[in-house]
Amino acid sequence: MLAILRSLPETVPLFLYLKRQKAAIKFINNGEHYYSTASVPPDEINEPMCLSRYLQTKIKAVGPISVADYMKEVLTNPLSGYYMHRDVIGESGDFITSPELGQLFGELLSTYIFLWQKVGSPIPLQLVEMGPGHGSLAKDVLRVFERFGAVHELSLHLIEVSPHLSEIQAESLCVKSARHTPTNMQPHYQVGTTASNIPVFWYDRVKDIPRQFSCFLAHEFFDALPIHKFQRTDNGWREVLIDLDPTDPEKFRYVLSRSPTPACKFFIKPDEVRDHVEVSPETGVILEHLATRLEEDGGFALFADYGHDGTKTDTFRAFQNHKLHDPLVEPGSSDLPADVDFSFLRSCTADKLLTFGPVTQRDFLLRMGIDLRLEMLLLQCDEKQKESLRTGYHMMVDQDKMGERFKMFSLFPSVLKEHLTRFPVSGFSGS
Numbered sequence: 004m005l006a007i008l009r010s011l012p013e014t015v016p017l018f019l020y021l022k023r024q025k026a027a028i029k030f031i032n033n034g035e036h037y038y039s040t041a042s043v044p045p046d047e048i049n050e051p052m053c054l055s056r057y058l059q060t061k062i063k064a065v066g067p068i069s070v071a072d073y074m075k076e077v078l079t080n081p082l083s084g085y086y087m088h089r090d091v092i093g094e095s096g097d098f099i100t101s102p103e104l105g106q107l108f109g110e111l112l113s114t115y116i117f118l119w120q121k122v123g124s125p126i127p128l129q130l131v132e133m134g135p136g137h138g139s140l141a142k143d144v145l146r147v148f149e150r151f152g153a154v155h156e157l158s159l160h161l162i163e164v165s166p167h168l169s170e171i172q173a174e175s176l177c178v179k180s181a182r183h184t185p186t187n188m189q190p191h192y193q194v195g196t197t198a199s200n201i202p203v204f205w206y207d208r209v210k211d212i213p214r215q216f217s218c219f220l221a222h223e224f225f226d227a228l229p230i231h232k233f234q235r236t237d238n239g240w241r242e243v244l245i246d247l248d249p250t251d252p253e254k255f256r257y258v259l260s261r262s263p264t265p266a267c268k269f270f271i272k273p274d275e276v277r278d279h280v281e282v283s284p285e286t287g288v289i290l291e292h293l294a295t296r297l298e299e300d301g302g303f304a305l306f307a308d309y310g311h312d313g314t315k316t317d318t319f320r321a322f323q324n325h326k327l328h329d330p331l332v333e334p335g336s337s338d339l340p341a342d343v344d345f346s347f348l349r350s351c352t353a354d355k356l357l358t359f360g361p362v363t364q365r366d367f368l369l370r371m372g373i374d375l376r377l378e379m380l381l382l383q384c385d386e387k388q389k390e391s392l393r394t395g396y397h398m399m400v401d402q403d404k405m406g407e408r409f410k411m412f413s414l415f416p417s418v419l420k421e422h423l424t425r426f427p428v429s430g431f432s433g434s
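Numbering of the sequence shown is given in the working numbering, commencing with residue 4 and proceeding in unit increments.
Certain hints may be false.
Here are the simulated DSS-like pairs of lysine-lysine, each with C-alpha atoms no more than 27 Å apart in a straight line [said to hold, decoys possible]:
(1) K420 - K121
(2) K254 - K63
(3) K326 - K268
(4) K315 - K272
(5) K420 - K142
(6) K210 - K179
(7) K210 - K142
(8) K61 - K272
(9) K272 - K254
(10) K210 - K63
(11) K61 - K121
(12) K142 - K254
(13) K179 - K315
(14) K268 - K63
(15) K268 - K355
(16) K420 - K210
Quick caveat, the hints were computed from the structure, so don't treat them as lab data.
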């Protein structure tokens, strides 16, 4: 396979590029892992530089590695990955998300999910959240469903690779839960029940969720999936790799591949005008799967993330204690996001789905009625609660905060095109 890839020309017509991209996604899907499968000797588990030493050893053995490989190890290495064994969200962590700022965000997304009623309220309904953090968004959404008596044949399915975060989610959402070893018949690794008897299931992979009508939610999920980085040079496209610094082998540095890598030939569009491009093949894998599911089983999806519509270049960065940090320093100690390229998401689903957005989080929330909901809540609160609500509101909608930085993006089966023309999708149209 690699020999064939290396023989491919560096640029191709657009239709061949699209065919090649889909073939690459299928190839990646055959060995699909959303987390690292590396192992570290038991006597090294508690040593703070364990992950750095593992990466150094790997690079010495195989040469420079892709940014995607680096991200996968740093974020999800089973023994010492960033997400795997500690709570990284909130004031005491490295970043904060909209669902953690109060109930407003979750309640408005619940209103969006009630689009389910526009297509006849099919049951059973699966609510699927990818990367649920503390479970705050799911908890707010379920509370709204309970309030309106819409929990009949409702189930919650969570995609979470972090054992630590899955425990936090279970404590927040369930009155009882239990872990077990996944099997072909029961691919979930944890199951629980809410106080309203809504069943909750946890999975490592999206494709393990039962096939039926589903609403998919993802908030700051895709920005954490591994990316490949590419740089245009006088000799054509080259991939940005991570190597050891020859002046100090304890440190990492960026280098360019000496020749086009297979990833260069798969993922660079022939009409690309940018000089630096980031592509997430694993995002493509998930979008291909969602496209098939939504087309065949019905449902819709809503994503919120840092992102752009195919215009940005170098967005790979690190956050530690809510501040920017060097991604190559102390791997495993900071979050490693990269902005989501929504034009890439669109290209992965164009033949099966309708896409809406991206629109700014500010515009989406204002169209969904966040101002009115805030006024209603303020009438029921004491002064301390009012201050908290206002602070969360401004963090979510102000243009110099999350309001402009975060984008909303939605997917629907293409069979609904005429229906959604007559009944526009909430949050993505209007003033």
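Okay, the hints, checked on the actual structure:
Using a Cα cut-off of 27 Å, the hinted pair K420 and K121 holds, with the two alpha carbons roughly 13 Å apart. Using a Cα cut-off of 27 Å, the hinted pair K254 and K63 holds, with the two alpha carbons roughly 13 Å apart. For the suggested pair K326 and K268, the alpha carbons sit about 35 Å apart, so the restraint of at most 27 Å is broken. With a C-alpha separation of about 15 Å, the suggested pairing of K315 with K272 holds against the 27 Å cut-off.
As the CA atoms of K420 and K142 are separated by approximately 31 Å, the hinted pair breaks the 27 Å bound. In summary, the hint linking K210 to K179 is supported, as the alpha carbons are separated by about 25 Å, within the 27 Å threshold. About 23 Å separates the Cα atoms of K210 and K142, which keeps this hinted pair within 27 Å; it holds. Distance hint between K61 and K272 is unfulfilled; the C-alpha atoms sit about 31 Å from each other, more than 27 Å.
Between the alpha carbons of K272 and K254 the distance comes to roughly 33 Å, so the proposed pair goes past 27 Å and is violated. With a C-alpha separation of about 35 Å, the suggested pairing of K210 with K63 is violated against the 27 Å cut-off. At roughly 52 Å between alpha-carbon atoms, K61 and K121 are farther apart than 27 Å, so this suggested pair is violated. Distance hint between K142 and K254 is unfulfilled; the C-alpha atoms sit about 42 Å from each other, more than 27 Å.
For the proposed pair K179 and K315, the alpha carbon gap of about 45 Å is over 27 Å, so the pair is violated. Between K268 and K63, the direct Cα distance comes to roughly 26 Å. Compliance with the 27 Å bound is thereby established for this hinted pair. As the CA atoms of K268 and K355 are separated by approximately 25 Å, the hinted pair is consistent with the 27 Å bound. Pair hint K420 plus K210 holds up; C-alpha atoms about 26 Å apart against a cutoff of 27 Å.
In this structure, the earlier hints numbered 3, 5, 8, 9, 10, 11, 12 and 13 are contradicted, and the remaining ones agree with it.
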